[in-house]
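4 protein chains.
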Amino acid sequence: MFLKKIKSEGLAHLSWIFGDGNEAFVVDPRRDCQVYVDIAASQGVHITRIFETHRNEDYVIGSLELSRLTGARIHHGAALDFGYGDSVTEGDTFECGALRLEILETPGHTPESISLVLRDSNQGDTPVGVFTGDALFIGDVGRTDLVSGREREMAEALYDTLFNKLLPLGDQTLIYPAHGAGSVCGENMASREFSTLGHERAHSPMLQVQDRERFVRKKMEEHHYQPRYFKKMEEYNLEGPPLLGPLPVPRPLSAGEVAKRTESGALLLDLRSPEAFASSFIPGSLSIPLDLLPAYGGYLLEYGRELVLLTDTQTELDLAVRHLIRMGFESIAGYAKGGLTAWQSSGRDYGSVDAIDAGALNARLEQGEEFTLLDVRKITEFRKVRLKGARHVFLGHLPDEIGQLDRNMPVVTFCGSGQRAIVAASILKAHGFEDVANAFGSMAACEALDCSMLDRSEA
Amino acid sequence: MFLKKIKSEGLAHLSWIFGDGNEAFVVDPRRDCQVYVDIAASQGVHITRIFETHRNEDYVIGSLELSRLTGARIHHGAALDFGYGDSVTEGDTFECGALRLEILETPGHTPESISLVLRDSNQGDTPVGVFTGDALFIGDVGRTDLVSGREREMAEALYDTLFNKLLPLGDQTLIYPAHGAGSVCGENMASREFSTLGHERAHSPMLQVQDRERFVRKKMEEHHYQPRYFKKMEEYNLEGPPLLGPLPVPRPLSAGEVAKRTESGALLLDLRSPEAFASSFIPGSLSIPLDLLPAYGGYLLEYGRELVLLTDTQTELDLAVRHLIRMGFESIAGYAKGGLTAWQSSGRDYGSVDAIDAGALNARLEQGEEFTLLDVRKITEFRKVRLKGARHVFLGHLPDEIGQLDRNMPVVTFCGSGQRAIVAASILKAHGFEDVANAFGSMAACEALDCSMLDRSEA
Amino acid sequence: MFLKKIKSEGLAHLSWIFGDGNEAFVVDPRRDCQVYVDIAASQGVHITRIFETHRNEDYVIGSLELSRLTGARIHHGAALDFGYGDSVTEGDTFECGALRLEILETPGHTPESISLVLRDSNQGDTPVGVFTGDALFIGDVGRTDLVSGREREMAEALYDTLFNKLLPLGDQTLIYPAHGAGSVCGENMASREFSTLGHERAHSPMLQVQDRERFVRKKMEEHHYQPRYFKKMEEYNLEGPPLLGPLPVPRPLSAGEVAKRTESGALLLDLRSPEAFASSFIPGSLSIPLDLLPAYGGYLLEYGRELVLLTDTQTELDLAVRHLIRMGFESIAGYAKGGLTAWQSSGRDYGSVDAIDAGALNARLEQGEEFTLLDVRKITEFRKVRLKGARHVFLGHLPDEIGQLDRNMPVVTFCGSGQRAIVAASILKAHGFEDVANAFGSMAACEALDCSMLDRSEA
Amino acid sequence: MFLKKIKSEGLAHLSWIFGDGNEAFVVDPRRDCQVYVDIAASQGVHITRIFETHRNEDYVIGSLELSRLTGARIHHGAALDFGYGDSVTEGDTFECGALRLEILETPGHTPESISLVLRDSNQGDTPVGVFTGDALFIGDVGRTDLVSGREREMAEALYDTLFNKLLPLGDQTLIYPAHGAGSVCGENMASREFSTLGHERAHSPMLQVQDRERFVRKKMEEHHYQPRYFKKMEEYNLEGPPLLGPLPVPRPLSAGEVAKRTESGALLLDLRSPEAFASSFIPGSLSIPLDLLPAYGGYLLEYGRELVLLTDTQTELDLAVRHLIRMGFESIAGYAKGGLTAWQSSGRDYGSVDAIDAGALNARLEQGEEFTLLDVRKITEFRKVRLKGARHVFLGHLPDEIGQLDRNMPVVTFCGSGQRAIVAASILKAHGFEDVANAFGSMAACEALDCSMLDRSEA
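Just so you know, the protein sequences line up as chains A, B, C and D, in that order.
Everything in the first sequence is counted per the UniProt record's numbering, starting at 1 for the first residue and increasing by one.
Everything in the second sequence is counted per the UniProt record's numbering, starting at 1 for the first residue and increasing by one.
Everything in the third sequence is counted per the UniProt record's numbering, starting at 1 for the first residue and increasing by one.
Everything in the fourth sequence is counted per the UniProt record's numbering, starting at 1 for the first residue and increasing by one.
Heads up, none of these hints are tricks.
If the Cβ cut is set under 8 angstroms, some of the chain A residues that face chain C in the computed set are:
#1 N22
#2 V45
#3 H46
#4 P246
#5 V249
#6 P252
#7 Q314
#8 K337
No lab work stands behind these hints: they were computed from the structure.
The structure displayed is predicted, hence computed values, not measured ones.
The C-beta atom is built at its ideal place from N, Cα and C for all residues, glycine as well.
Please model the complete structure; the sequences and the hints are all you need to start from.
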């Protein structure tokens with residue numbers, strides 16, 4: 001008997017494989033799915049069933065891909081008309097050796113969401129664990145804003161799911177959710193990825209709100225962003241995404257080839273560290289530090305536009321490819337071999353973005369210098385604390401709102417620590433803003449220094 | 001925040017590493033301890049504390065080895081006078097980033113046993129999990145027979161530990177024990193290695209026995225074997241075992257060198273499958289199929305006697321070395337390069353053991369043939385079901401009791417499926433028994449065929 | 001600049017990848033070709049060309065598979081009408097960074113064979129190395145018996161290739177052949193896999209035969225076997241084999257499922273060691289110890305017949321699958337989970353083969369016992385030395401000649417050390433021979449003991 | 001029979017392991033020597049002898065470390081009084097299975113240098129290969145300037161070694177040298193790492209100089225740098241370096257801990273890319289991009305001074321540790337966890353270095369701006385081509401010559417492509433130079449653009 005969590009970093013997506021006897025089941029597999037096949041082989045089992053807890057909106061599902069490799073059947077909730085797989089409904093059970101899986105219909109995050117209760121038939125009938133999908137996380141509950149126009153209905157459904165279906169499974173029940181800390185699917189997830197219904201019942205903030213109406217109101221007041229790529233994911237995951245096969249292997253491009261590709265429309269996606277980008281970049285590049293790619297690629301990349309990647313190492317290149325194909329971005333033309341050095345050595349121009357530290361920034365504000373202080377954090381972060389005079393544009397929305405910024409004014413980009421700000425800086429530079437500086441350290445440094453221009457008033 | 005289980009197969013020993021911030025703690029590390037260093041490095045943390053839940057008796061502890069590599073401090077219970085490390089007592093707490101560890105004194109398995117309660121200070125005070133050592137397993141509780149003469153006291157202590165210390169931590173508490181299924185430290189462990197106090201409270205057989213006196217009596221009636229090597233482990237783990245450094249790398253020996261070594265006293269330890277051994281073995285060998293080495297090596301090997309190993313592959317050789325050094329057997333002279341083929345090709349004699357299947361065996365019994373049917377299972381297995389006329393000698397005790405067997409009588413060795421029986425067969429052959437057959441399939445096959453000579457009466 | 005050899009053990013097939021700048025070329029890739037993609041990625045190059053030195057007859061070529069993954073062009077000799085790729089002719093050159101490859105037409109092994117001369121344009125024009133395909137090996141030269149009816153022509157062509165095309169490249173030229181020791185494509189290859197034309201010129205036996213007519217006669221007198229599967233490989237490699245994609249993953253089968261599959265026509269292919277098979281096997285199995293699978297699978301397996309595999313470990317199972325798909329055997333139904341133990345424990349019958357050592361065998365021969373001593377080595381081995389009274393049937397031909405053996409006579413199977421003999425024993429058992437023993441040690445042991453019944457007379 | 005090259009990137013040090021039968025020999029092992037033990041185990045052989053071709057001066061030898069793990073004997077030339085191992089002299093031979101190694105005394109690079117001729121006794125007496133140490137490389141020959149005062153004698157000895165000892169081994173002989181391209185032990189090595197005496201005889205520039213006196217003069221005219229750490233290596237490798245055991249594992253340090261360590265004397269060694277450093281660095285840091293660490297660490301680091309490392313990834317950290325211990329720098333206090341982001345977020349100051357591209361730099365020179373253009377390339381590079389007005393200080397000598405630079409003048413650091421220049425920039429910043437810019441692209445870009453200020457006159 002075994003159970004393993006497979007975490008896709010960045011998306012903080014958790015998928016699960018468990019097995020007993022000769023069989024294994026997989027819950028919410030990702031698109032680069034050889035990992036499940038390898039685990040199953042090493043455990044001496046065969047994957048026979050795959051479950052989708054709901055039509056995931058933040059990544060391309062791997063069920064079809066995995067089903068092609070293994071012949072496994074795919075199951076999902078009945079409340080949506082999927083273009084693949086079979087529907088299951090409340091109370092359906094599936095045996096996997098001595099393990100038994102029972103379907104709970106748990107709408108709220110989406111109408112067709114299901115949870116899967118795990119029991120060990122060797123040891124009584126008490127639930128051992130529950131796969132909660134996006135209904136219940138560790139430290140948080142699912143968002144209910146995704147079905148446009150049905151937000152109240154969904155919030156009510158989630159309340160019922162949590163208090164009337166999940167918590168009654170008992171304090172002893174282990175929780176296996178579809179996301180961990182860092183996901184866009186919940187703001188307050190714990191960094192701890194192991195918990196039980198009992199622990200959540202005692203401490204998860206929303207599970208303390210036992211009044212149904214108060215719960216619903218709180219959910220409806222929450223603010224969540226929706227990356228642009230969710231639309232594509234919803235189409236893909238309803239109808240079934242294109243099959244991928246082996247991961248694409250980007251080809252090395254010389255500086256001259258990189259120039260030719262970008263001139264004919266490809267986007268240079270620079271995945272290096274913010275510091276490296278700031279010092280020297282290929283003009284026109286979009287900077288997304290690799291760690292941020294899963295969170296912001298879905299806002300800033302366009303389907304169908306060719307990509308040329310730039311990373312420091314082969315390992316990072318491989319990871320970038322995985323991140324991209326998990327979000328459905330498959331048109332990867334190649335990568336800039338030799339990185340910036342090859343570009344610089346070819347005699348081509350490169351751009352740069354100045355660094356500005358918290359002390360200097362605060363001084364410029366104090367002195368009333370005229371410049372745009374562009375804070376690209378989430379609105380919830382901005383409301384808590386900001387610098388006086390800062391202008392807020394959420395990073396994911398910057399391409400749409402860039403027209404409202406004065407391109408003749410100096411700009412300082414600003415965020416939590418300077419990572420997201422460099423993405424904004426790259427967008428500004430690519431749109432012709434000339435005087436752009438990046439606030440490395442940003443709010444973290446301002447708070448560490450307790451800067452005079454901090455504004456904690458209600459915003 | 002992370003928590004990982006490291007399982008040593010065979011011993012079914014579970015050790016744990018968890019960390020947050022810049023630090024990590026390790027619970028009950030094994031001797032080949034580079035694995036913890038590697039995990040810590042990959043997580044960006046440094047191991048600062050090591051906890052021994054008790055003076056382990058079934059493997060050489062790795063605390064000293066790991067402490068040498070990392071500088072970490074070692075902690076253990078106060079009720080024993082250890083030759084290394086620092087004592088902790090009830091209520092002591094240790095912080096590891098946001099994780100907090102609290103010491104519970106939980107005697108019963110041994111007098112100085114401690115458990116470690118894990119809390120996440122980001123999320124309330126309710127216990128997240130508890131490291132229970134050998135006090136509480138999944139599906140079973142610790143054995144209380146190890147302190148000679150104090151069996152009742154230990155059983156009483158365990159009752160108090162379980163019902164008054166551990167269960168009160170709450171149903172939501174995850175359990176992190178020191179052993180999983182297959183360990184000699186408990187008969188009834190579940191094959192499932194994830195559970196909570198709530199699930200155990202509901203289903204673990206001994207936790208249903210709420211009457212203290214009944215609990216104590218049941219514990220005192222249990223039968224457990226004690227491998228001979230426990231004595232050595234107890235010495236080692238009280239005083240601190242010798243430091244090992246890198247794992248020994250056995251050298252390849254030609255058939256001639258193997259012959260020379262065994263002639264001058266080395267033991268040929270044959271770790272191949274039972275079938276391979278049966279067909280052809282180097283005279284004088286001890287067969288212990290690799291999977292059984294952790295369970296039976298401690299009964300059958302002698303400290304100080306040189307070993308020559310025989311495996312089919314390099315991978316198996318590496319694993320054999322790990323198994324051996326975990327039990328303190330370090331005098332490995334080399335391995336027989338080219339395996340049996342090299343030996344056979346050198347023109348040297350080889351022995352063999354006949355195979356006998358369940359049908360044939362049953363027929364011989366029915367016909368009243370005269371031979372010794374030697375059943376080497378545990379006495380508890382034997383009592384449940386056996387073949388009529390079988391003679392029971394527990395495999396671990398066979399070297400001591402072999403004098404009582406008639407070496408002029410044909411012998412059929414017998415166990416659960418034929419694996420342990422081959423070990424017995426090899427011992428008999430090495431002691432000069434000529435007519436030895438091994439019952440491949442053994443009791444499993446007899447039951448599958450519902451053999452006429454099965455005896456399920458109370459024994 | 002890099003150059004790497006990829007060796008497929010068993011077939012002893014050598015393929016090569018080399019690169020410089022942004023490109024790499026591959027010579028004679030195998031079917032499971034992800035390995036080349038991974039090497040290219042780690043070296044920061046893209047595979048742009050693939051060369052087939054000839055229509056290989058002993059494995060399924062990987063060019064098409066690799067071309068699909070990389071987009072690389074495929075090149076081969078012009079003297080055959082291939083169903084894929086482009087023809088190249090004498091003197092064509094291809095640049096790969098500073099490396100330059102020149103085509104030499106080098107018929108002899110086959111009419112369309114080419115060799116590829118490697119130069120480093122940074123350092124003069126002297127050849128650095130030459131990819132010789134099956135024209136020239138280290139210690140041997142290619143076989144010339146494969147084109148039926150044109151044996152003399154091919155032998156003459158090879159002479160011209162060796163003495164007039166390859167040796168003139170100069171003593172300093174490194175040799176990169178398509179096979180190493182152990183291949184069926186040459187009897188006398190050295191175990192050393194690095195050499196130069198100069199070293200071969202001085203020591204390779206056939207290169208000492210400078211008289212053309214004598215060379216041709218010697219080649220025509222050579223005896224080589226042709227495994228049955230060569231026919232299939234020739235078809236595949238002329239037209240292009242079916243594309244495979246990811247390697248098949250066999251599913252675990254219980255003893256009951258194994259029984260059902262074999263009853264309905266599947267072949268149980270037992271890949272364990274000869275000793276393990278001898279002691280206990282599933283009735284009807286074909287034994288081919290894993291190491292021998294590439295050499296004898298092609299004689300003994302049938303295309304289209306379902307296979308159930310039996311190995312000791314997952315690693316061995318993976319390797320078995322690779323061996324099989326390299327020879328085009330893709331219909332793998334699953335594997336026997338739990339191995340023989342699962343089968344034995346189910347109460348099912350199992351067969352066995354006795355072991356007989358060299359001393360005992362010699363004694364039986366001396367005493368004139370009546371039995372068939374079946375020597376299954378190659379005829380060339382048999383002619384050198386054999387036991388008196390031995391009957392020779394080459395292992396690869398045993399299924400065809402089994403009708404000529406007396407199945408009421410006891411049989412002892414015999415070979416070089418007992419490995420191939422177990423394959424023969426399994427075939428005899430599956431054909432209903434009852435009294436079969438296997439001579440573990442076989443000729444190696446007889447010679448080590450200098451047995452009285454050895455016969456070294458000219459045969 | 002096997003032979004493998006183990007390359008230590010950066011130092012471009014090549015070591016070799018080969019074996020046959022049950023034994024293996026190692027030539028010139030490195031200090032982190034587990035790699036040889038692992039290869040030997042996987043090949044089923046035991047390392048019995050280790051050869052040092054000479055007292056290496058550019059890395060800490062691994063012979064003692066490897067000998068401790070394996071028990072192997074160490075051999076070296078007789079012309080130096082080593083504190084460990086045994087001397088060998090001309091004509092000594094050692095058998096390793098069918099391989100035979102013969103000692104040639106081949107002074108020139110150092111007086112005690114030996115070469116090792118490899119023969120395969122299965123195939124005649126012609127040499128298969130030769131381990132040449134630092135006598136003969138691919139594309140170059142050894143430097144002869146290391147024995148102060150005996151330069152002529154050494155050059156003469158090298159001539160005799162090459163022309164009278166090595167080349168006579170025959171064109172067919174493979175070359176296995178101790179260094180590949182990129183080593184400080186030769187300027188002109190080929191990027192190709194496989195060659196023969198025949199190919200070198202035809203193309204290696206110095207082997208074309210057949211006149212002994214001309215050869216000697218040319219060698220004496222060569223210019224080579226000697227990194228400061230050579231002295232330490234010579235001591236270590238004569239007497240035997242301290243034993244290391246497992247590699248040190250640096251501990252994570254918070255920004256505050258980093259500050260504390262550097263304030264109390266530790267050096268912050270920043271191993272990130274030049275671009276990342278330029279944009280933002282911890283004040284006082286020494287920048288050595290990881291790739292350059294083996295080449296320049298030995299000039300710029302001090303034995304005994306504590307190091308705090310800064311890398312982008314754990315993989316880079318591991319490699320940095322290996323590079324450092326190979327040069328004997330073992331006092332690694334830890335690493336800056338979270339990199340620059342952690343430092344910036346703590347509100348601490350960070351430095352930066354401007355980037356200047358080739359066009360802008362050329363324009364400043366054309367306009368006659370006053371600044372120091374500091375070219376830190378090797379003098380041989382500088383002599384070939386430079387920018388007008390550039391001042392040359394070799395990077396390795398900068399700390400010693402920094403006093404001669406005007407710290408009130410703006411400085412632009414310059415090299416081949418901007419990598420080495422950033423090291424210089426970091427040194428200037430740490431010494432209080434305020435206005436420092438780094439010429440990313442440097443000479444490569446200037447040449448690509450054919451800048452007007454290029455000066456190719458004889459310097």
